[in-house]
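Each residue of the sequence shown is one higher than the one before, counting from 83 in this note's numbering.
There may be inaccurate statements among the hints.
To be verified - Pairs of lysine-lysine, DSS-like flavour, derived with a Cα cap of 27 angstroms:
1. K224 to K193
2. K393 to K346
3. K464 to K474
4. K337 to K359
5. K447 to K380
6. K467 to K380
7. K337 to K474
8. K406 to K467
9. K456 to K393
10. K359 to K393
11. K471 to K337
12. K380 to K337
13. K471 to K447
14. K380 to K406
Unchecked claim - If you anchor each label on the Cβ, the simulated ranges turn out as follows:
15. H170 to K413: 47 to 57 angstroms
16. K337 to D490: 22 to 32 angstroms
17. S517 to L223: 48 to 58 angstroms
18. G449 to N505: 17 to 27 angstroms
The set of hints was computed from the structure by calculation and includes no laboratory data.
By construction, the Cβ of each residue, glycine as well, lies at the ideal position given by its N, Cα and C atoms.
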Amino acid sequence: MSEIVNHICEFITTALANTSFEAPPLLVVAYSGGVDSSLLLHALHSFREQTSTAVHAVHVHHGLSDNADTWLRHCQSECDKLTIPLNHYHVAVNDGARKSLEAEARDARYKVLHEFCHANNGVLLLGQHAEDQLETVLLQLKRGAGPQGLSGMGAQHWRNGVLTLRPMLALQKSDIVDAANRLDLQWVNDESNADDRYDRNFLRNQIIPALSERWPQLSKTALRSAQLCAEQTALVTEQAEIYLCQCLVTDTQLKGAELLTLSKNWQRAVLRQWFTKQSVLLPSQAQLAQIENMLLAKQDATPEVSFSWGKVARFNGYLYWLPKRTIFIPKNINVNNNADTELFWLNEPLTLRVTTEGLLSFTIKTGVSGLRVKPQGAQISKLLKDWFKQWKIPTWERAEVPILFLDDVAVALIVNQNIVALNTLPSNVTLELVSTE
Numbered sequence: 083m084s085e086i087v088n089h090i091c092e093f094i095t096t097a098l099a100n101t102s103f104e105a106p107p108l109l110v111v112a113y114s115g116g117v118d119s120s121l122l123l124h125a126l127h128s129f130r131e132q133t134s135t136a137v138h139a140v141h142v143h144h145g146l147s148d149n150a151d152t153w154l155r156h157c158q159s160e161c162d163k164l165t166i167p168l169n170h171y172h173v174a175v176n177d178g179a180r181k182s183l184e185a186e187a188r189d190a191r192y193k194v195l196h197e198f199c200h201a202n203n204g205v206l207l208l209g210q211h212a213e214d215q216l217e218t219v220l221l222q223l224k225r226g227a228g229p230q231g232l233s234g235m236g237a238q239h240w241r242n243g244v245l246t247l248r249p250m251l252a253l254q255k256s257d258i259v260d261a262a263n264r265l266d267l268q269w270v271n272d273e274s275n276a277d278d279r280y281d282r283n284f285l286r287n288q289i290i291p292a293l294s295e296r297w298p299q300l301s302k303t304a305l306r307s308a309q310l311c312a313e314q315t316a317l318v319t320e321q322a323e324i325y326l327c328q329c330l331v332t333d334t335q336l337k338g339a340e341l342l343t344l345s346k347n348w349q350r351a352v353l354r355q356w357f358t359k360q361s362v363l364l365p366s367q368a369q370l371a372q373i374e375n376m377l378l379a380k381q382d383a384t385p386e387v388s389f390s391w392g393k394v395a396r397f398n399g400y401l402y403w404l405p406k407r408t409i410f411i412p413k414n415i416n417v418n419n420n421a422d423t424e425l426f427w428l429n430e431p432l433t434l435r436v437t438t439e440g441l442l443s444f445t446i447k448t449g450v451s452g453l454r455v456k457p458q459g460a461q462i463s464k465l466l467k468d469w470f471k472q473w474k475i476p477t478w479e480r481a482e483v484p485i486l487f488l489d490d491v492a493v494a495l496i497v498n499q500n501i502v503a504l505n506t507l508p509s510n511v512t513l514e515l516v517s518t519e
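Using the sequences and the accompanying hints, generate a full structural model.
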């Protein structure tokens, strides 16, 4: 066994020993057919022989190269030699406007790999090496990333609920190629790697060779810097999570006053952690500044910051996470006597149960404007919008409030998962809310 193969096997052994699984995991190699994944596949074959651990390979056919079918046949042939099952998938990548072909292909590839691992209790193994890490750090530097971005790729981490291992991250590309040649491995070469229109290729072909000629140890020192950034990021994240828990009302609501007790730097860290927990892209510096300014707005103001997924809004001193609503909210629903009506559009889905004696005509309405009501126990009647202010109902929820009408008279409404009866509610009518979750 070569020294590098032994290194890979020891890395995997240590990683698996530090992680517990209910059942023995399947080791899943992302196998492109290139030299890096070919050496990794060979090492996993050796690991299987030593430990009897199940190994599968997954090949993603992007369809971007005329040689893609040839690569797939090569991968199948090599897996057959090693008796390693190959699972291959075709994906469609949008190469129209070059939005970012690299990113599109990467996202499609990871989607397949993660879905396969989820379905098969898999641990994902990737063949990135030290020069790949250097490329990643330089790309993040170009984008103006902070310590988290400059941490680069983790040798061992969880992503989308999948344990991801990069056993070769500390190895040099030249050592990998040398080991593959000594083992007489066969691999394919992707011609797109020579296309310097793509940022990563430009760095790999034009920039890094010159940097490495001047500073031969650059990839190793960059790896060390990435590890230090990762350590600092872990410390910040740990404390930010503590502060976030102190600020949370629910997963989608933060106490603005609590957040304001923190320094500006910790406010930003907590907000980033909030975004991370929601599994969306982190906000830009400008967007973070906008959210911070929302905390200082006038008490009766309802500022908001929009994102592709929805918006963050402030109301009554709280920050709310508001994804875009795609559900249809009915304007009118006829309610049958002694029947249940599902209020499916509410944050907490509820069913309204109306029990009556005799035949009465009930309707649920939303988005009613100009309505004046007098809740049971109130001394005066006011416009509904004024009651909403008094009850501190967020502005974006008001049009969704279900109002129960008997004929043309409002008899009850539902706010904060409670029924608010109006003075006109007949004595022979019983209302009940039942959670549908």
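Provide an ascending list of the numbers of those earlier hints which the structure does not satisfy. Failing hints, ascending: 5, 9 and 16.
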